[in-house]
Amino acid sequence: MQRNLTRLIQKSSILSTNQRILISVRSLASAQDIFQHKSKFPTRHIGPRKTDVVSMLDLLGFKTLDELTDKVVPIKIKFDRDLNIEKPLNEHDLINRIRAVAHTNEIWRSYIGMGYHNCHVPHPILRNIFENPGWTTQYTPYQPEIAQGRLESLLNYQTLVTEMTGLDVANASLLDEGTAAAEAMSLCFRHNKRRKIYLSNNLHPQTLSVVETRLSALDIEVVIGDIADVDLASREYSGILLQYPDTHGNVVDFESIADEAKKNGTLTCVATDLLALTLLRPPAEFGADIAVGTSQRLGVPLGYGGPHAGFFACKQSFVRLIPGRMVGVTRDQDGHEAYRLALQTREQHIRRDKATSNICTAQALLANMSAMFAIYHGPEGLKEIAKDIHNGAIVLSHGLKRAGHQQLNDVFFDTIHVVPNGLTIDDIKERAQNKKINLRYLSDGSITIALDETVKPGDIEDLLWVFKADSLSDILNDPSALDQNISNSKFMRTSPYLTHPIFHKHHSESRMVRYMKQLENKDISLVHSMIPLGSCTMKLNSTTEMIPCSFRHFTDIHPFAPVDQAKGYHQMFTELSNDLCEITGYDKISLQPNSGAQGEYAGLRAIRGYHEANGHHHRTVCLIPVSAHGTNPASAQMAGMRVEPIKVRASDGTIDLVHLKEKVEEFSNELSCLMLTYPSTNGIFEDHVADVCDLIHKHGGQVYLDGANMNAQVGLCRPGDYGSDVSHLNLHKTFCIPHGGGGPGCGPIGVKKHLAPFLPSHPVVDIFHELEDNQSFGTISAAPYGSSMILPISWAYIKLMGGRGLRRATQVAILNANYMSKKLEPYFKTLYVDPSSQLVAHEFILDIREFKKTANIEAVDIAKRLMDYGFHAPTMSWPVQGTLMIEPTESEDKEELDRFCEALVTIRQEIRDIEEGKMDIKINPLKMSPHTQFQVVNSEWNRPYSREQAAFPAPFVRPDSKVWPTVARIDDAYGDKHLVCTCPPILPDLYT
Numbered sequence: 001m002q003r004n005l006t007r008l009i010q011k012s013s014i015l016s017t018n019q020r021i022l023i024s025v026r027s028l029a030s031a032q033d034i035f036q037h038k039s040k041f042p043t044r045h046i047g048p049r050k051t052d053v054v055s056m057l058d059l060l061g062f063k064t065l066d067e068l069t070d071k072v073v074p075i076k077i078k079f080d081r082d083l084n085i086e087k088p089l090n091e092h093d094l095i096n097r098i099r100a101v102a103h104t105n106e107i108w109r110s111y112i113g114m115g116y117h118n119c120h121v122p123h124p125i126l127r128n129i130f131e132n133p134g135w136t137t138q139y140t141p142y143q144p145e146i147a148q149g150r151l152e153s154l155l156n157y158q159t160l161v162t163e164m165t166g167l168d169v170a171n172a173s174l175l176d177e178g179t180a181a182a183e184a185m186s187l188c189f190r191h192n193k194r195r196k197i198y199l200s201n202n203l204h205p206q207t208l209s210v211v212e213t214r215l216s217a218l219d220i221e222v223v224i225g226d227i228a229d230v231d232l233a234s235r236e237y238s239g240i241l242l243q244y245p246d247t248h249g250n251v252v253d254f255e256s257i258a259d260e261a262k263k264n265g266t267l268t269c270v271a272t273d274l275l276a277l278t279l280l281r282p283p284a285e286f287g288a289d290i291a292v293g294t295s296q297r298l299g300v301p302l303g304y305g306g307p308h309a310g311f312f313a314c315k316q317s318f319v320r321l322i323p324g325r326m327v328g329v330t331r332d333q334d335g336h337e338a339y340r341l342a343l344q345t346r347e348q349h350i351r352r353d354k355a356t357s358n359i360c361t362a363q364a365l366l367a368n369m370s371a372m373f374a375i376y377h378g379p380e381g382l383k384e385i386a387k388d389i390h391n392g393a394i395v396l397s398h399g400l401k402r403a404g405h406q407q408l409n410d411v412f413f414d415t416i417h418v419v420p421n422g423l424t425i426d427d428i429k430e431r432a433q434n435k436k437i438n439l440r441y442l443s444d445g446s447i448t449i450a451l452d453e454t455v456k457p458g459d460i461e462d463l464l465w466v467f468k469a470d471s472l473s474d475i476l477n478d479p480s481a482l483d484q485n486i487s488n489s490k491f492m493r494t495s496p497y498l499t500h501p502i503f504h505k506h507h508s509e510s511r512m513v514r515y516m517k518q519l520e521n522k523d524i525s526l527v528h529s530m531i532p533l534g535s536c537t538m539k540l541n542s543t544t545e546m547i548p549c550s551f552r553h554f555t556d557i558h559p560f561a562p563v564d565q566a567k568g569y570h571q572m573f574t575e576l577s578n579d580l581c582e583i584t585g586y587d588k589i590s591l592q593p594n595s596g597a598q599g600e601y602a603g604l605r606a607i608r609g610y611h612e613a614n615g616h617h618h619r620t621v622c623l624i625p626v627s628a629h630g631t632n633p634a635s636a637q638m639a640g641m642r643v644e645p646i647k648v649r650a651s652d653g654t655i656d657l658v659h660l661k662e663k664v665e666e667f668s669n670e671l672s673c674l675m676l677t678y679p680s681t682n683g684i685f686e687d688h689v690a691d692v693c694d695l696i697h698k699h700g701g702q703v704y705l706d707g708a709n710m711n712a713q714v715g716l717c718r719p720g721d722y723g724s725d726v727s728h729l730n731l732h733k734t735f736c737i738p739h740g741g742g743g744p745g746c747g748p749i750g751v752k753k754h755l756a757p758f759l760p761s762h763p764v765v766d767i768f769h770e771l772e773d774n775q776s777f778g779t780i781s782a783a784p785y786g787s788s789m790i791l792p793i794s795w796a797y798i799k800l801m802g803g804r805g806l807r808r809a810t811q812v813a814i815l816n817a818n819y820m821s822k823k824l825e826p827y828f829k830t831l832y833v834d835p836s837s838q839l840v841a842h843e844f845i846l847d848i849r850e851f852k853k854t855a856n857i858e859a860v861d862i863a864k865r866l867m868d869y870g871f872h873a874p875t876m877s878w879p880v881q882g883t884l885m886i887e888p889t890e891s892e893d894k895e896e897l898d899r900f901c902e903a904l905v906t907i908r909q910e911i912r913d914i915e916e917g918k919m920d921i922k923i924n925p926l927k928m929s930p931h932t933q934f935q936v937v938n939s940e941w942n943r944p945y946s947r948e949q950a951a952f953p954a955p956f957v958r959p960d961s962k963v964w965p966t967v968a969r970i971d972d973a974y975g976d977k978h979l980v981c982t983c984p985p986i987l988p989d990l991y992t
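For the sequence shown, UniProt numbering assigns the number 992 to the last residue and increments by one with no breaks.
Careful: at least some of the hints might be erroneous.
Unchecked claim - With a Cα cut of at most 20 Å, we get these calculated PhoX-like pairs of lysine-lysine:
no.	residue 1	residue 2
1	Lys822	Lys752
2	Lys63	Lys852
3	Lys468	Lys435
4	Lys505	Lys490
5	Lys383	Lys262
6	Lys40	Lys894
7	Lys588	Lys752
8	Lys505	Lys468
9	Lys752	Lys698
10	Lys63	Lys50
11	Lys436	Lys401
12	Lys522	Lys962
Claimed, not checked - Here are the in silico distance ranges between beta carbons for each label pair:
no.	residue 1	residue 2	range
13	Lys853	Asp656	38 to 48 Å
14	Val658	Thr104	53 to 63 Å
15	Ser317	Pro479	47 to 57 Å
16	Gly615	Asp82	23 to 33 Å
17	Asp334	Leu482	34 to 44 Å
18	Asp410	Glu384	36 to 46 Å
19	Asp721	Pro835	17 to 27 Å
20	Asn938	Lys38	49 to 59 Å
Please keep in mind that the hints were generated in silico from the structure rather than gathered at the bench.
Built from N, CA and C at the ideal position, the CB exists for glycine as well.
Build out the structure end to end from the sequences listed, making use of the hints.
If you want it as structure tokens, here you go:
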């Protein structure tokens with residue numbers, strides 16, 4: 001066709017110029033090519049413009065990105081083709097596609113329960129927190145002076161949990177109910193060292209499975225049975241775990257059991273429901289030592305299982321054994337009240353394999369939503385919601401009894417347990433399907449029906465119809481219909497709850513929105529400036545990627561709904577898993593782990609399962625370089641492995657190969673695996689990585705590669721190609737899921753084919769159906785696919801970028817890091833560089849240690865001073881004490897990189913002023929930072945530097961864009977000595 005058109009142009013002398021142009025265009029492209037709507041998203045995601053890239057490369061002495069990354073990435077492991085990922089979609093086409101995928105999910109009314117309940121997310125919370133980058137793009141509040149908003153909100157959450165359960169202290173959330181229960185049982189063992197746990201057979205099945213899996217690796221015996229049969233007098237149990245109300249809806253009196261446990265030194269843990277506790281006697285009042293559960297039904301969507309905030313509360317005597325993060329009240333250097341993370345901050349990096357847990361991310365964003373839900377409704381509003389649910393259950397119960405069905409639970413909150421009479425299970429299933437209703441069908445022929453706050457009279461009517469019962473109006477005409485009520489029983493709650501003023505002040509929407517905005521304005525997030533945390537990869541979380549998370553066809557699906565009602569989810573799971581396999585070189589992906597630390601644990605358990613299947617139960621030694629993330633040794637210990645540290649070379653931060661070989665030889669017969677971070681935590685691509693993997697394999701071990709630094713590898717090299725057997729992937733780092741102020745996270749694992757049979761399973765949903773050889777080690781998370789609701793973010797990121805876009809993102813991440821390191825070279829020493837290229841990977845470490853000697857300035861002083869410039873600090877004093885680790889990511893443009901460099905250069909001059917005696921060694925802008933607005937406008941200013949230098953230290957720090965820390969430097973010592981982890985009796989204005 002093109003040849004004919006060309007001849008036509010040559011032969012026709014009468015064609016106009018416009019006609020000639022038109023024919024030429026048509027000869028070169030089809031209509032589809034002309035209107036192809038190319039994706040511009042990679043240029044939106046990647047910060048530096050093309051001209052910026054040229055100038056940045058010029059500074060480094062390179063002409064192209066390929067030339068740069070060829071120098072950085074070892075040739076032996078370089079990936080030599082394009083990623084086989086479909087052509088990138090533009091943003092509007094992607095939304096249309098994901099909406100079509102979502103609509104293949106079917107929204108039925110699910111009364112399955114089992115710890116998951118539909119709820120109404122208040123629209124102010126949905127819009128102003130869940131969909132708001134000012135709340136979703138914050139990092140874990142390790143720099144409390146610029147995190148007071150989310151810290152206050154998490155303190156509200158802790159107060160909510162303690163007051164509902166009646167216990168003394170709570171943490172700032174865990175991953176879900178199942179893992180919270182597992183952590184509770186681990187605490188029981190750490191407390192009294194007894195190697196036996198008793199679990200009620202009326203726990204939710206996923207909780208049972210998660211706890212069993214966790215304890216099996218620690219050689220702790222698990223006994224499951226009727227709680228009435230437990231022999232506590234034997235004094236062999238470290239703890240017992242009960243459910244209240246239980247998985248079948250029963251409300252049981254556990255007081256005598258708890259009393260007996262206390263007499264015999266056994267701890268009592270109760271898995272419970274916060275909403276039910278508005279009506280039910282709280283666990284502390286009948287002797288519980290620990291309470292766990294999920295706050296999901298307090299304003300967080302079902303989302304096919306997550307993310308949801310687990311809660312954990314206990315008596316004060318166990319406060320130093322609490323896992324995870326806990327917010328505490330302290331004061332700043334001016335004596336004003338302030339908040340900070342207490343006790344557990346980065347404890348894995350201090351205690352390593354002796355840490356309380358491996359928890360790093362939790363579910364801060366979702367905990368904040370639940371806290372706001374409680375604040376918005378207040379204690380009376382929550383009780384009204386609970387009463388409506390309870391009354392609906394009572395009416396339904398009465399109707400089913402009138403119809404002749406046998407009810408198995410006498411006292412209940414929201415769930416009734418029945419044995420049908422006169423109808424077969426198949427009859428009920430058919431009638432339920434006719435009404436698009438999901439019920440829970442148990443193996444013994446009974447059925448449970450769990451109601452929630454979304455249930456309306458019409459829903460009760462339909463449920464009655466399913467069981468061929470009388471109509472709702474007939475039942476309500478029966479005067480005894482509401483007799484069976486918690487308020488008429490010994491289980492009724494009489495103690496007050498949510499008494500703090502914060503739960504009584506913000507019930508109008510205007511007050512609520514202003515409160516959320518007030519807290520948001522106290523925090524630095526990615527909407528303000530770059531957050532250059534090394535190893536944390538704080539990159540763009542695009543609006544397009546986030547939008548699908550609010551689609552009703554993703555939010556309103558119960559995790560245990562029949563799989564054919566979740567076709568859209570499973571299509572997305574398949575596509576995401578296939579893309580991740582292509583990116584990593586692995587053969588199979590498990591999406592179940594719902595944090596990076598959970599992914600580490602899952603990968604190690606898969607390795608252990610593989611060895612045991614081969615008869616090598618003795619292979620339990622895990623080699624870990626001392627530069628590794630602190631969660632690595634903690635995860636290895638939890639997986640039942642013995643940690644042996646490997647030295648790194650002082651000269652360049654690489655693994656000490658001599659020491660590694662010595663350890664491999666020493667533990668050859670016991671070697672389970674090597675945990676490797678690549679590029680190294682010190683920001684270097686080590687040339688010998690493939691040789692290291694070969695060495696481990698020759699001695700019968702496996703290689704676990706920590707996926708925290710995958711952002712330096714995508715499109716350039718693949719762990720599965722150069723010798724790794726398994727990795728977790730931090731989707732909240734490399735693949736754009738936002739950090740949410742400390743969670744959610746996602747840590748799916750990729751494995752080579754030989755480890756695939758040992759991936760996590762689930763007791764409720766068959767996630768192994770496509771594998772013939774199922775040798776799973778057990779269950780990691782309560783939900784079968786972890787944090788399903790936020791997986792569309794990573795799916796969308798990959799679809800928007802395409803293979804070449806992903807590769808370019810990695811290259812620019814490496815460019816940005818090397819550009820910053822080079823710009824800062826005259827002022828700060830980059831601690832480790834590649835010996836041959838003098839380059840770094842995607843992150844680099846600034847050595848601050850010399851300033852302690854020359855000016856009494858430490859890394860923490862620079863971190864706090866950066867707040868005055870409007871920046872969050874880099875990662876501080878890790879992996880090397882007294883350093884700052886910077887990771888700019890590909891999303892930050894050259895102007896922002898230059899701005900951050902200018903801040904550090906200016907700070908270096910301030911240090912020099914101290915060194916030269918121009919500034920006092922104790923009272924100077926660094927030691928006194930950060931500077932609050934209160935300090936700067938105060939009539940008293942007795943510091944030997946100006947207010948302008950304090951608050952506006954660089955030209956780019958302007959009054960119209962200034963980010964003010966709301967408190968001065970935190971007094972950590974005071975907070976540790978005066979530990980307060982709930983809202984103070986009254987929340988005063990900070991500055992009155």
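Hints and how they fare:
1. Lys822 / Lys752: 38 Å, violated
2. Lys63 / Lys852: Given that 20 Å is the threshold and the Cα spacing comes to 39 Å, the pair is violated.
3. Lys468 / Lys435: 13 Å, holds
4. Lys505 / Lys490: Violated - the C-alpha atoms of Lys490 and Lys505 are around 32 Å apart, more than 20 Å.
5. Lys383 / Lys262: 31 Å, violated
6. Lys40 / Lys894: Between Lys40 and Lys894 the Cα gap is close to 19 Å, so the pair holds against 20 Å.
7. Lys588 / Lys752: Within the cut-off at roughly 7 Å; holds.
8. Lys505 / Lys468: Given pair Lys505, Lys468 is violated - Cα atoms ~46 Å apart, limit 20 Å.
9. Lys752 / Lys698: 17 Å, holds
10. Lys63 / Lys50: 12 Å, holds
11. Lys436 / Lys401: Cα-Cα ~23 Å, so violated.
12. Lys522 / Lys962: The hint holds at about 12 Å.
13. Lys853 / Asp656: 38 to 48 Å: 27 Å, violated
14. Val658 / Thr104: 53 to 63 Å: 56 Å, holds
15. Ser317 / Pro479: 47 to 57 Å: Holds, at about 49 Å.
16. Gly615 / Asp82: 23 to 33 Å: At roughly 42 Å between Cβ atoms, Asp82 and Gly615 fall outside 23 to 33 Å, so the hint is violated.
17. Asp334 / Leu482: 34 to 44 Å: Check failed, 56 Å falls outside 34 to 44 Å.
18. Asp410 / Glu384: 36 to 46 Å: 25 Å, violated
19. Asp721 / Pro835: 17 to 27 Å: 24 Å, holds
20. Asn938 / Lys38: 49 to 59 Å: Given a distance of about 56 Å, which is inside 49 to 59 Å, the answer is holds.
The structure is inconsistent with the numbered hints 1, 2, 4, 5, 8, 11, 13, 16, 17 and 18, although it conforms to all the rest.
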